[in-house]
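Starting from the given sequences, assemble the full structure and let the hints guide the process.
Protein chains in written order, with my numbering: chain A, 1 to 266; chain B, 1 to 666; chain C, 1 to 153.
Simulated from the structure, these hints should not be mistaken for lab results.
Across the chosen pairs, the derived CB separations fall in these ranges:
1. B/A585 to A/T37: 36 to 42 Å
2. C/K141 to A/T18: 52 to 58 Å
3. B/E109 to A/K248: 56 to 62 Å
4. A/A164 to B/A585: 21 to 27 Å
5. B/G481 to C/A128: 52 to 58 Å
6. A/G240 to B/S219: 27 to 33 Å
7. A/P186 to B/A396: 58 to 64 Å
8. A/T18 to B/E218: 42 to 48 Å
9. A/E105 to B/Q323: 54 to 60 Å
10. A/T172 to B/G617: 21 to 27 Å
11. A/K248 to B/N208: 42 to 48 Å
12. A/K107 to C/G134: 56 to 62 Å
13. A/I134 to B/A396: 41 to 47 Å
14. C/K141 to B/K130: 35 to 41 Å
Computed footprint of chain C on chain A; a stretch qualifies when at least three of its residues, placed anywhere within it, have a C-beta under 8 Å from a C-beta of chain C:
15. 148-158
16. 227-236
Even for Gly, the Cβ is constructed at its ideal location relative to N, Cα and C.
Single-letter residue listing:
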Amino acid sequence: MDKLREKAAALLADGTVTMVLGYEEGTNKPRPLFCHTAEQASKLVYSSQCINNLAVYLTKKEIMGAGKVAIIATIPTLRSILQLSVENQLNEDNLVVITVTDKDEVKQFANFAEIEAYIADFQLKLDGKEQEIITKLEGMSREERFKFWMEEMSHCFKCYACRAACPLCYCTKCIVEENRPQWINPWAAPLANMEWQINRAMHMAGRCTGCGACGDACPVGIPIHLLTRKMMEDLAPEFGFTPGQPSKNGNALSTWKADDKENFIR
Amino acid sequence: MSKIGVFICHCGENISATVDCEKVAQDIRKVEGVEYAIDYKYMCSDPGQTLIKDAIKEHHLDGVVVGSCSPRMHEPTFRKACAEAGLNPFLCEMANLREHCSWVHEKGEATTEKAFDLVKMLVEKVKRNKPLDSIKVPITKKALVIGGGIAGIQASLDIANTGHQVILIEKDPSIGGHMSQLSETFPTLDCSQCILTPRMVEVAQHPNITLYTYAELESLEGFIGNFTAKIRLKAKSVDHKKCTGCGACFQKCPQKRIPSEFNAGLGNRTAIYVPFPQAVPNKPVIDREHCNYYKRGKCKICEATCPTGAIEWDKEDEILTEQVGAIVVTTGFNVKGADFFPEYGYGQYKDVITGLQFERLASASGPTLGEIRRPSDGTIPKKIVFIACAGSRDEAKGIPYCSKICCMYTAKHAMLYQHKVHDGESTVFYMDIRAGGKNYEEFVRRAIEEDHVNYVRGRVARVYEKNGKLIVKGVDTLLSGEQVEIEADMVVLATAGVSNCGAEQLAQKMHISYDPYHFFAEAHPKLKPVETNTAGIFLAGACQAPKDIPETVGMASGAAVKVAGLFSNNELVREPLIAVVNRSAPPVFSTCVGCFMCQTACPYNAIEREEIKGRDGKVIKTVAKVNPGLCQGCGTCVAFCRSKSIDIQGYSNEQMFAEVMSLLNH
Amino acid sequence: MNNNNSEFEPKIVAFVCNWCTYAGADLTGTSRLKYATNVKIVRFPCTGRIDFMLLLKAFAQGADGVIVSGCHPNDCHYTSGNFHARRRWITFRGLLDFMGIDVSRIQYSWVSAAEGAKWADIVNTTVANIRELGPYTEYQKVADYLDKEDYNG
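What follows is the structure, given as structure tokens:
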């Protein structure tokens, strides 16, 4: 922890960066912290409780206009950073990426290629409870599944916290704000909510890095992160990419293989 | 508020027999936005078209829907009629009431209802149509032909003869390609050089053709009608303006043992050389990698010998920039060497040679002056085995395709051998005989019946050397089903035709597609064999797939006519149904976030990156931009733009949405 | 082909590409082959253009079934539009199935410009299939939120 605070303070003091994005202690769990001075850097913490995905701030105007910044990244955040860079949203020269390893060492990455090599060792895994829900759903009949999701969707009130928390939702004008034509009905009703989630999942196809920020952010606890995760797990073997790592072959939906397999086209 | 005119056609009885056209016209009047609606017997006829034109003028219509046959039939007809009446032609749409309705359903209420739904759908679309103008792209009327083999030569001559300028570049010191290496060609057995060299000379002398040999494409930018090509003119070290081609230099050159590329490695050449006696241009170049002066600073004998002082030691590569409007790629192919085959000795056995090497032996100007002699000891072989399909049609070797010409040239080689060595015995091991061209089958029969070439159906498992002979172990699957062993003096492998080296890099430089074997991809396998997906770049010859000379020449002329067609106008006019990325006022500039998924997906490379800069010159954001000269209007980019920042004219998001919604609304 | 009694008549929308399936359907017409009136065709330049949300919107508006059809792989007029579409459908179908939407109501097919008979067959089998499945009230009920009070699944 101390080493981390020192590192952050040093980066700010010598002017390498104008800001350090990290975590501080919150009421129940750590929350994001934006350090501009060495003093603020002394509040930095890092633990397995740091679950917010800080990469979501990297595409915000305020951060992009702040010159060179440093970000203290957890493994999920590192994955998001790589995906954002593949999508041309990040400038490698303007970003200092730091993480804390298993052995509590502070590691600063020289470039994105190093980040890629580092996270290759960390496998994406669903935790037990989530795997249970998915297994349960897979065992249900279609009608039961529809009932399940309609029930879940009836709680959603279109707060769009899921969109706000996801680092890959950086469109200046989101599709829900498009009213000519109105692709997704904006009111909070089960089908309109489902249309939003289906759209979100499709837009995340091949891009989701499995950080779970969307599910965490949902104030009524709908397991929407399972939608994007399940898609990722299903598509990865079919389309040849590793879940959580940016595909060398290009995005899943904007590329194709001559022998993509399906069994439903006549 | 829209003022749409709807015109329902009876099409004689074709539509009215099953659809109540009058009712459709009556009901459609009640739809909001429809100003005028009538039905008529023959809408596409002159009186019918006049009805439309008059209605446009009288009722100030701002959109027209014609409910009649398929738009694939008469869309241009009705659009032209609208244009003549002063209405932008892209404000006219057609509802398919014949092929998709009246002809496929029985008479009844449901059919009339469906006709009404289809018309209403198009009315909703037209409400959202925008007036569009055809796109005009200027054209530079100069062609670049890359590759000086028979395909390039033919294409250059054909284009030049239409009166347009051609630049022909060839990476070797002379044009001619593989055809110049052949001795005789099937199925006529004419001398290859005799029919080729007059063409080569014509190219060199043609006023409309500028020939650069020892030159390669360095880079290519731009798009159809407007390419900027940078060509690297490699330093020849000989000033061709001073050189007279007397040949004194290469007679004196001390480096005499460099394997000759023209002779497929069977003969030698000097460091300063002309590749073959009939080369065009018939002036030497210096191979700097093998020249004594460039390697060690010694010698300079050629300079001393040269009567005109043409040697230029310090000449450097030059980059030439040319503006061209169309490009024809004719870079040809290559064949696999004998070293590709472990079972045939990895190229270690001097007397196991490829078909191309056999051509050089048979050629009168080859290393053995036309006598078939073993490369190892120079004796005349009495028994030759020809192995067809060496490498081709073999998944295990990574070449599953057929190389097309080998059956024919193997028959030719066997015949040539029998003609030159009367007491020789030749055997061909084959899988199938593919002799599909004109007079091809008869040619092969001649080899078998007149020249008594022994054809054995079966493959050869191994060739190995023993006591100076090559033991060929094969099998005869047709007649005996037993193994066959032949003690041969020479083995000729009809090795697979493969893409030329550097094909992948060239394709990437030009942004044309290529297949897994690095053959360049045609735009459509049946209907567009000489075009690529990159507008303005055409293909001919073996760079697209192995093929014989008649096909190559046919394709080259085909590509030439495409180029001539392109150049026959001053401007390229294209339908404006293309994609557009939205632009708006600062500070947003565009809702595009620059993820460029669209760029990855576009099959025509029509999406470019545009840097939007502020007044201080700093880049604010990089967004996508569609090149109107290249976009073909498929709309794939539109369907997956997450932020819906890109839309396509004629099939816009609003239009398609409105169509679907109206179809299901009563 | 059409039943004029009170039996359920499915409403089906077909999203087709201009170069293959639309032309194939034209051929069906030229050949005078008959099929059910329940299917109405919307023309797209390419299957790659078909937005997946349009399918959902079709169901929400009252469609009981949807047909999506284009050129065979390798035959796309724009080279790769149908390859993109295929990937999109594989992804979309998996997602819809996971959410419990009845994917058997969506018929995907490759119909070339020469396959007039195949188009007629696709239409007829799809109509028969949907007729058996019945109206898609499950979806339409939740879609009609603004008209009805019943919105809790």
